[in-house]
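Chains as they are written, first to last, in our numbering: chain A, 485 to 564; chain B, 485 to 564; chain C, -1 to 141; chain D, -1 to 141.
What the hints contain is simulated information worked out from the structure, not anything from laboratory work. We put the CB at the ideal spot given by N, CA and C, even for glycine. Please note that the accuracy of each hint is not assured.
Over the 12 Å line for every Cβ pair with chain B, so calculated as not near, a few chain C residues [claimed, not checked]: (1) 46; (2) 50; (3) 82.
Keeping only pairs whose Cα atoms sit at most 20 Å apart, straight-line, the calculated SDA-like set for lysine to any residue is [what the hints assert, rightly or not]: (4) B/498 x C/124; (5) D/114 x D/3; (6) B/498 x C/10; (7) D/114 x A/498; (8) A/498 x D/130; (9) A/498 x A/524.
Cβ-Cβ distance ranges computed for the label pairs, FRET-style [to be verified]: (10) B/532 x D/3: 55 to 61 Å; (11) B/539 x D/3: 49 to 55 Å; (12) B/506 x C/60: 24 to 30 Å; (13) A/560 x B/545: 26 to 32 Å; (14) C/41 x D/134: 48 to 54 Å; (15) B/524 x C/128: 38 to 44 Å.
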Amino acid sequence: MNVTVRLFASYADKLGRSRLELEMPDSATVADVTRSISSLPGAATLPPSPLVAVNCSYADARTSLSDGDEVAFIPPVAGG
Amino acid sequence: MNVTVRLFASYADKLGRSRLELEMPDSATVADVTRSISSLPGAATLPPSPLVAVNCSYADARTSLSDGDEVAFIPPVAGG
Amino acid sequence: MMRATMVRHPILSDSLIAEVASESCGATALFLGTVRSSNEGREVGGIEYSAYDEMAEREMGLILEEAGTKFGVEAAVIEHRVGELVPGDVSIGVVVAHHHRAPAMDALRYIVDETKARAPIWKLEHYADGSREWVGAGTSSVT
Amino acid sequence: MMRATMVRHPILSDSLIAEVASESCGATALFLGTVRSSNEGREVGGIEYSAYDEMAEREMGLILEEAGTKFGVEAAVIEHRVGELVPGDVSIGVVVAHHHRAPAMDALRYIVDETKARAPIWKLEHYADGSREWVGAGTSSVT
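Using the sequences provided together with the hints, build the complete structure.
So this is what it looks like as structure tokens:
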């Protein structure tokens, strides 16, 4: 299955991109996507368990994914 | 000595006036002014110890007065 | 900058906000009290606000000083309106500017609550049935 | 009436207040967050706000629903601005209308605090010395 990964703010800076498509096994979880991202160039300074959202809702590492899901890595927020 | 008494809102309605001058003995306190006011027509339904301000500051019954002081009787406030 | 004023004209929130704005303050908190069209089930046609003006301004000034000391407020304004108001009219406007958001909102609540508890201001509510009553004065209906 | 929107235009407090006003609500509470000209001793030239817009609007919408349930809010609006802001610009406006003043201010604080904690929004501060830094991101200076 395919998932869309979105990166924002300092994470997008580190990895040099804000969006990528990943092909993942059908049983993949958020943790699997995090592992894939962590192996990319520039990802060395990402936190080991970054905050993640799936389809615009906060999710944890065990959340299982479906084809077409959007997985977003959320740096420490600073709105307001 | 002379003190000015001010009445507001429901108290002014009860006593039919908003201001009067009283001549008081030199050692008079707020309690003495309250007693004088309580004997006026319409004052029967005033509370026994109404809230009082002297010269725009809340004061208690034992506060002693000076010539020219303004003694205000303050009904339950309802600003805002 | 602190100001506490009894006014006889409409209270304009934009003017209050502009008065306290500064580039050093990250937080502005505003409260507006508005005349409601009903109170405890009775339809309100209007409210006549009256005050012991000199003392109300003095007491609200003290409240602003207290808020300055307690919360480190940079600037704050209270305007309280007196006269005949109708539902929807703003009776009180309070604005606070502070470096930070939490004390801005703490100070706003303090000023609003203390003003309501201490400022010598009264309201005579006019009801749709033609009767009038002093709010908060217990059995002191005047009609 | 509840609305949570990311905007690219200036936030106008008067419009927000007018949007929630009603004759049944006696209390309106407003918070404005403003870009400060200094932060932790450094002179700030501007802030670039960015967001995961769809999620930010969804999360702020949830926060408004929560405030409605917890505090009985009649109407509330959040506007958060993104793009290049300079000191003095309003970055967030929150307004709450309620029958009563205490829950209006409780709800305001809840919405402001939760938005700051949960909405996926970031700021890149630009300093007078030409450097830039992601706020809150620890060691992630980009210059």
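Verify this label for me: residue 82 of chain C is non-interface relative to chain B, using a Cβ-Cβ cutoff of 12 Å.
15 Å, holds
Within 49 to 55 Å: is that where the Cβ-Cβ distance between residue 539 of chain B and residue 3 of chain D falls?
Holds - the Cβ-Cβ distance for residue 539 of chain B and residue 3 of chain D, about 52 Å, lies within 49 to 55 Å.
Check the hint pairing residue 114 of chain D with residue 498 of chain A against an upper bound of 20 Å on the C-alpha distance.
23 Å, violated
Compare the distance between the alpha carbons of residue 498 of chain B and residue 10 of chain C with 20 Å, and conclude whether the hinted pair is satisfied.
Cα-Cα ~35 Å, so violated.
Keeping to a limit of 20 Å between CA atoms, is the pair of residue 114 of chain D and residue 3 of chain D held or broken?
14 Å, holds
Taking 20 Å as the top limit, are the C-alpha atoms of residue 498 of chain A and residue 524 of chain A close enough?
10 Å, holds
Quickly compare the C-alpha distance for residue 498 of chain A and residue 130 of chain D to 20 Å and report which way the hint goes.
Distance of about 14 Å is within 20 Å: holds.
Between residue 524 of chain B and residue 128 of chain C, does the beta-carbon spacing fit 38 to 44 Å?
29 Å, violated
Take a quick look at whether residue 498 of chain B and residue 124 of chain C sit within 20 Å of each other, Cα to Cα.
The given pair, whose Cα atoms are some 18 Å apart, holds under the 20 Å limit.
At 12 Å, judged by beta carbons, does residue 50 of chain C keep clear of chain B as stated?
The assertion about residue 50 of chain C is violated, with a minimum of 6 Å to chain B.
State, for the Cβ atoms of residue 560 of chain A and residue 545 of chain B, whether the hinted interval 26 to 32 Å holds or is violated.
Since the Cβ atoms of residue 560 of chain A and residue 545 of chain B sit about 59 Å apart, the hinted range of 26 to 32 Å is violated.
Minimum Cβ distance from residue 46 of chain C to chain B greater than 12 Å, as the annotation requires:
Check fails; 10 Å does not lie beyond 12 Å.
Consistency note: the structure conflicts with the earlier hints numbered 1, 2, 6, 7, 13 and 15.
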